[in-house]
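Participant: Single-letter residue listing:
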Amino acid sequence: MIRPRGSLAAPEPEAPAIELREVTKKYPGSPPVTALDGVSVRISRGEMVAVVGPSGSGKSTMLHVMGTLDNPTSGSVLIEGVDTSVLDDNSLAAIRGRRVGFVFQRFFLLAGVPVVDNVANGLLYAGVARAQRREAAEAVLARVGLGARMWHQPEQLSGGETQRVAVARALVHDPAFVLADEPTGNLDSAASQSLMDLFASLHGEGRTIVVITHNESIASGLPRRLKILDGRLEQDTGAPAP
Amino acid sequence: MAPVTPSRLRPWEAVRVGLRSLAARKLRSVLSALGIAIGIASLVGVLGLSESSKSALLDQISALGTNLLTIEAGTGFGAGDAALPEAAVARVGRVATVEAASAVYSIDAGAYRNDLVPADLTGGIQVFGTSPSLVRTLNGSVAHGSFLTEATRVYPAAVVGSVAAERLGIRSLDPPVMLYVGGRWVEVQGVLEPFALAADLDRAVLVGDAAAERFYDVELAPSRMYLRVDEDYLDETRDVLGATVDPENPEEVQISRPSDLLEAQAAAESSFTGLFLGLGAVALLVGGIGIANVMVIGVVERRGEIGLRRAIGATRAHIRRQFLTEALTLAFLGGTCGVLLGVAVTYGYSVVQGWRVIIPSVALAGGFAAALAIGAVAGLYPAIRAARVSPTEALRSS
Chain A
1 MIRPRGSLAA
11 PEPEAPAIEL
21 REVTKKYPGS
31 PPVTALDGVS
41 VRISRGEMVA
51 VVGPSGSGKS
61 TMLHVMGTLD
71 NPTSGSVLIE
81 GVDTSVLDDN
91 SLAAIRGRRV
101 GFVFQRFFLL
111 AGVPVVDNVA
121 NGLLYAGVAR
131 AQRREAAEAV
141 LARVGLGARM
151 WHQPEQLSGG
161 ETQRVAVARA
171 LVHDPAFVLA
181 DEPTGNLDSA
191 ASQSLMDLFA
201 SLHGEGRTIV
211 VITHNESIAS
221 GLPRRLKILD
231 GRLEQDTGAP
241 AP
Chain B
1 MAPVTPSRLR
11 PWEAVRVGLR
21 SLAARKLRSV
31 LSALGIAIGI
41 ASLVGVLGLS
51 ESSKSALLDQ
61 ISALGTNLLT
71 IEAGTGFGAG
81 DAALPEAAVA
91 RVGRVATVEA
101 ASAVYSIDAG
111 AYRNDLVPAD
121 LTGGIQVFGT
131 SPSLVRTLNG
141 SVAHGSFLTE
151 ATRVYPAAVV
161 GSVAAERLGI
171 RSLDPPVMLY
181 VGGRWVEVQG
191 VLEPFALAAD
201 LDRAVLVGDA
211 AAERFYDVEL
221 APSRMYLRVD
231 EDYLDETRDV
241 LGATVDPENP
251 EEVQISRPSD
261 LLEAQAAAES
271 SFTGLFLGLG
281 AVALLVGGIG
291 IANVMVIGVV
301 ERRGEIGLRR
311 AIGATRAHIR
321 RQFLTEALTL
331 AFLGGTCGVL
341 LGVAVTYGYS
351 VVQGWRVIIP
361 SVALAGGFAA
371 ALAIGAVAGL
381 YPAIRAARVS
391 PTEALRSS
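From first to last, the protein sequence lines are chains A and B.
So for the first sequence, our numbering puts the first residue at 1; every next one is plus one.
So for the second sequence, our numbering puts the first residue at 1; every next one is plus one.
A few of these clues could be false.
Claimed, not checked - List of simulated lysine to aspartate or glutamate pairs, DMTMM-like, C-alpha gap at most 25 Å:
no.: 1; chain 1: B; residue 1: Lys-26; chain 2: A; residue 2: Asp-117
no.: 2; chain 1: A; residue 1: Lys-227; chain 2: A; residue 2: Glu-19
no.: 3; chain 1: B; residue 1: Lys-54; chain 2: B; residue 2: Glu-231
no.: 4; chain 1: B; residue 1: Lys-26; chain 2: B; residue 2: Glu-13
no.: 5; chain 1: B; residue 1: Lys-26; chain 2: A; residue 2: Glu-155
no.: 6; chain 1: A; residue 1: Lys-227; chain 2: B; residue 2: Glu-13
Hints in this document: simulated from the structure, not taken from any laboratory.
All chains should be built: construct the whole structure from the sequences, respecting the hints.
Facilitator: Here it is as structure tokens:
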């Protein structure tokens, strides 16, 4: 589907959630780095996928490319059937702001801003009025079990709670996909397990979830695993039979 | 599924985001706004103070009148005893555009507190004879006592200039004060306020012209004349005065206009204003560089935040606008404080100086405009840099 540059994407209902076609990403420099090397993968709606691989293998780059934070050097990325290479910065930002929720290893909460407003910030660029943003934030904080922490400062929370706030921020605009980059990297095992349980229940709600992880036991608990090595897709366990 | 609606950030949301970021770095924000505040305060203060002092000076000039002329005998080659002809006062009085004329006649004598003071300790005090009209012609006034009158002009009575009174130690005329002037005791009738347009009379002791003739053998040849002339014909009058005063040697008559000095003073103050405005502009520039510096550091420090904002839907333009808003907000806060500070300084100093407080609206509007312009310029480069930050790099950097 080709649309003129600048128009906004109308998702196609039957298309896979995310599709990478021969995606290559090279970073210039000396020496230049090939972070992704001809990766093709389709992720259907409602799948829950683990991405595994050693440090520097290109996992984060793949996640960023999937979420339109970064453009591939060659190949194409289709989000719900829409080829992102024809979209301008505005439309890509709109996809990130409406359809994608990002969770990062380093939580990136704004210091000095209460939890509820950190979460409400997830809707900041969606043109939603402040009162509604807060309302949505309160609802999603209750959903992740932090209803009692709304007016705390991020510094007052434990690591696990902080990451839940970040997840709530990723969910506040009700995204179709959640892309998580090592979300358990800074958490202890109990907090990690509890966060993965939260992801599982989000998956249960029908969201598409992609989680990068180092943790073998977490990866093995997920229905589908992609293994990345030196920018190549080394192994794909494939979507489980329905 | 409906098409995705574009990202947007309402302007007031951008301001709120900017304010929050500034509030999170209070000390840094305050310090960088302070640079702008000092620059703006100095601009507003310089403009306000120069206007206030100039208006005070102009008030003074108009109160004194710009139609006063002083006539003296030339002191050039062949000028003789530097006195004007005896008939000069009468002749000048017949010029239609001359509204008032008074003369002073130099008396070669010293004025002393008593007859025991050595004659060479004159204290720089001159003695003149004059008519009772002098104080009106000069718009002068008496601090104590009274000026010479038709009655006292013939008696050994004197009026003392403000500086002369101080040098002679005259603080009050009760009990009556006698001075020893030219070998004769005279009684002080009054002490004068300073003359703005005839400062040399402040150092003088004045006796009546008739008394001068009678007791000191003075020929009534004026050593100086003070004239009030019709302001509309000031130049024309000035042109005919030389020949009127001394038809034989009109070129030796010196005519001056004392208010020209005050006007020159006002002009001199204006040229200083230019210099101080330049210094204020430099302060403002340094303040702007301070903001730019803080913003550039902020871009580097806040890469994570920039990456996150891009991840939650901000466009490059949103990031650019946010940083520009922060710079403008800093400049606005600095500008507001600067204007207030400048007004306060102007107000305080003017009140202390007894001037009318004048704060030119161009200083207020210009101060704000300059602050915002500096903020915009200072914020532009950091904002463009912030928008160029690659979100993946920003989110990866640890």
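Participant: If a hint holds in the structure, say so; if it doesn't, say that too.
Facilitator: Verification of the supplied hints:
1. Pair hint Lys-26/B plus Asp-117/A holds up; C-alpha atoms about 19 Å apart against a cutoff of 25 Å.
2. Proximity of Lys-227/A to Glu-19/A is assessed by CA-CA distance (about 16 Å); at most 25 Å being required, the pair is judged to hold.
3. Between Lys-54/B and Glu-231/B the CA atoms are separated by roughly 22 Å; this keeps the pair inside 25 Å, and the hint holds.
4. Pair hint Lys-26/B plus Glu-13/B holds up; C-alpha atoms about 20 Å apart against a cutoff of 25 Å.
5. Distance hint between Lys-26/B and Glu-155/A is fulfilled; the C-alpha atoms sit about 18 Å from each other, no more than 25 Å.
6. For the given pair, Lys-227/A sits about 42 Å from Glu-13/B by alpha-carbon distance, which is inconsistent with the 25 Å threshold.
Checked against the numbered hints given earlier, this structure breaks only hint 6.
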